[in-house]
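Model the placement of chain W on the given structure of chain D, informed by the hints.
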Amino acid sequence: MNDVNAVDDVVRRAQHGDVDAFESLYRTHSAAIFALCRRMVGTDGEALDLVQDIFVRAWERLTTFRGQSSLATWLHRLGVNVVLEQMRSSKRDAARLLEGDDVTFGSRSPAGQIEARIDLDAALVQLPGGARTVFVLHDIEGYSHDEIAQMTGIAPGTARAQLWRARRALMRLLDL
Amino acid sequence: MIDAQSHLTEEERHAHAEGSLPAERVPLIEAHLRECAECAGDVARIRTLMTRIHDSPAPTAAPLDELWPSIRTRIENSKVVPLSPYAIRIEGRRRARGVGAAIMMAAAVVIAAVVWRARATADRVASSASSSETTSLIAVADSAHAYEEQAQTLLNQLELRRSMLRPEAVVAIDHDLRVVDSAIAELKEAIAHDPNNPALRRLLASSYRQKVDVLKRVGNAG
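Heads up: the sequence lines are chains D and W, in that order.
The working numbering numbers the first residue of the first sequence as 905 and each following residue consecutively.
The working numbering numbers the first residue of the second sequence as 5 and each following residue consecutively.
Errors might be hidden in some of the hints.
[To be verified] Residues of chain W clear of chain D, computed beta-carbon distances all greater than 12 Å:
hint : residue
1    : Pro31
2    : His36
3    : Arg76
4    : Leu158
5    : Met168
6    : Asp185
7    : Lys192
[Claimed, not checked] To spell it out: a stretch of chain D is covered by chain W in this simulated footprint if at least three of its residues, at any positions, have a beta carbon under 8 Å from a beta carbon of chain W; those stretches are:
hint : stretch
8    : 921-927
9    : 1023-1035
10   : 1060-1069
[What the hints assert, rightly or not] If you want a taste of the chain D side facing chain W, the calculated C-beta under 8 Å gives, among others:
hint : residue
11   : Ser934
12   : Phe938
13   : Arg943
14   : Asp948
15   : Leu952
16   : Leu988
17   : Ile1044
18   : Arg1076
19   : Leu1078
Worth flagging that the hints you see were computed from the coordinates, not collected in a lab.
It should be emphasised that the depicted structure is a prediction, and the values quoted were computed from it without experimental measurement.
For every residue, glycine included, the Cβ atom is placed at its ideal position computed from N, Cα and C.
In isolation and in its complexed conformation, chain W is listed as follows:
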């Protein structure tokens, strides 16, 4: 028995208010509350708070729809293979680590392409694109095409400047481009087997974008 002078503990008050007291404790607690106005009032206030919480509308934000384009961009960027920054390489810092990461990431793309191709071979007959997938495919294919054109333009500019670059920089650039081109070739082959696969198309667009990034870094490094 809890007498009227001792009061309930903090734990008992909260547990009773939220209904989480063990069943055998409830009669004792309720007996005390009938005798103790202070504890009864406190438990009632905790319950009022909990009711108010449940009745409170969830916070809303107007621009949630406007977030989607940036989320989509981030999703698509997350497919990009982060190659070593050329500028860093020019300065001679962290070269080995950067190139190593580039090779590993590009290798991951190539492996992904091979896996997709194997899956495509098995599923080719069954695969069909919905209308939304078709729209998505067209958009991604356009994106890949745009990056491919941009990459070619930058590549032409690089050829003009090649003789002005340091030999070790040329070797590093050529190496990175070979890695990306290898990934692109694998992805094109995989797409040939599974032309309706949007993930493959996105990977291809990302690989072209990666190539553009490499070439832009060369240009920015002057």
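Bound-form chain D, shown alone:
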């Protein structure tokens, strides 16, 4: 059995209720899903909670996976939706997601509170939810503005503006 068929077989067994097969899928894909969550929400704790939610949801909906895309792509899209739902459930994040942020962000804190060179993930945490979401979805995960607009409910133009503001903030935070 080649690798593709082996993967298909694991997916098929999981779709038929084999939890051990699903565990195998979890071990293959959980790191990528965690990375997505961690970058979207900014903290390890929240990201780990979301990883659980995403894989529980994936189990519930696995029978809807028809193999038109790769399982990684399917899981990824499901993961984005779960994260966005979680953000919408929080009034604060929902407002940020839908309306954008009027607060100044990405400016350096005084007196060296932020080190001169911080890594990308630490810089991402400094961004407000809406800008971070659009930046992660577009520049890291590769979704188009139209796709982001569809997923988040914001206008494509708003998504573009959020992306530019996020990039500017990151350039300041990363000393570029």
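Frame of chain D, contents of chain W only:
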């Protein structure tokens, strides 16, 4: 032509940096960048950011493996039929809605069992369990057995206390137990037709666990 004084727009800078400008616009933008150090420097910084993003390692978390047991538990719990909390019923709140939900969910289990049984009848000859499925089946069967024993113990305790309960509470408890027992009976029948089906086994274990939950609520309500 974009002159050196007017500068590129924010959209043009980002679009050029990420390579999403329409092809016919590119020569104009590049001509401007050759003349304007400010715009050229800015586009270069945006590109540097994008390079850094692509080169940045994905964040990792050590305890990802440790998450699996709780995910597995949640998966198995998601099969549980949520019956109406007895304590709520004792207080007389939301009784009708709770029981209605219980009946609907239990009915869903029964329907699922019937569907599984029909499918099993068609597929019985072809079905065979892999070694991992067999291991899973044994674990789930053990789980069902443990819940069944626990349910019987609690049921015995209930019988001892039955005369001390209010009549309407007894009626409600008996009703919930009948619903769960009906689901269990259907599932046992379906398993008899498809003994290697792990999903059916999990449903059965969940139904027993549901019965245990009902009986525990009775005990906790005192």
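Evaluation of the provided hints:
The beta carbon of W/Pro31 sits about 23 Å from the closest Cβ of chain D, which is more than 12 Å, so the claim that it is off the interface holds. With a least beta-carbon separation of about 19 Å from chain D, W/His36 lies farther than 12 Å from that chain, consistent with its non-interface assignment. Some Cβ of chain D comes within 12 Å of the Cβ of W/Arg76; the nearest lies about 6 Å off, and the non-interface call is violated. The Cβ of W/Leu158 lies farther than 12 Å from every Cβ of chain D, with a closest approach of about 27 Å, so its non-interface assignment holds.
Look at W/Met168: its CB is around 40 Å from the nearest CB on chain D, clear of 12 Å, so calling it non-interface holds up. The beta carbon of W/Asp185 sits about 23 Å from the closest Cβ of chain D, which is more than 12 Å, so the claim that it is off the interface holds. The claim that W/Lys192 lies off the interface holds: its Cβ sits roughly 17 Å from the closest Cβ of chain D, which is beyond the 12 Å cut-off. With 7 residues bearing a CB less than 8 Å from a CB of chain W, the stretch 921-927 of chain D meets the requirement of three and the coverage assertion stands.
Check result for the stretch 1023-1035 of chain D against chain W: holds, 3 residues qualifying (beta carbon to beta carbon below 8 Å, three or more required). Closer than 8 Å: that is the beta-carbon criterion, and the stretch 1060-1069 of chain D has 3 residues meeting it against chain W, so the requirement of 3 holds. For the restraint placing D/Ser934 at the interface with chain W, the shortest Cβ-Cβ distance is roughly 5 Å, inside the 8 Å limit, so the hint holds. Annotation: D/Phe938 was flagged as interfacial toward chain W, and the flag holds, the nearest CB pair being 5 Å apart, inside 8 Å.
The restraint placing D/Arg943 at the interface with chain W holds, with a minimum CB-CB distance near 7 Å, inside the 8 Å limit. For D/Asp948, the interface hint holds, the least distance from its beta-carbon to any beta-carbon of chain W being 6 Å, beneath 8 Å. Look at D/Leu952: its Cβ gets to within about 6 Å of chain W, closer than 8 Å, so that hint holds up. Because the closest C-beta pair between D/Leu988 and chain W is about 19 Å apart, greater than 8 Å, the hint is violated.
The criterion of a C-beta within 8 Å of any C-beta in chain W is met by D/Ile1044, whose closest approach is roughly 6 Å, and the hint holds. Contact between D/Arg1076 and chain W, as hinted, is not supported at the beta carbon level, the nearest pair being about 10 Å apart and thus beyond 8 Å. Checking D/Leu1078 against chain W: minimum C-beta separation of about 7 Å stays under 8 Å; hint holds.
Hint compliance for this structure: hints 3, 16, 18 are not met, and every other hint is.
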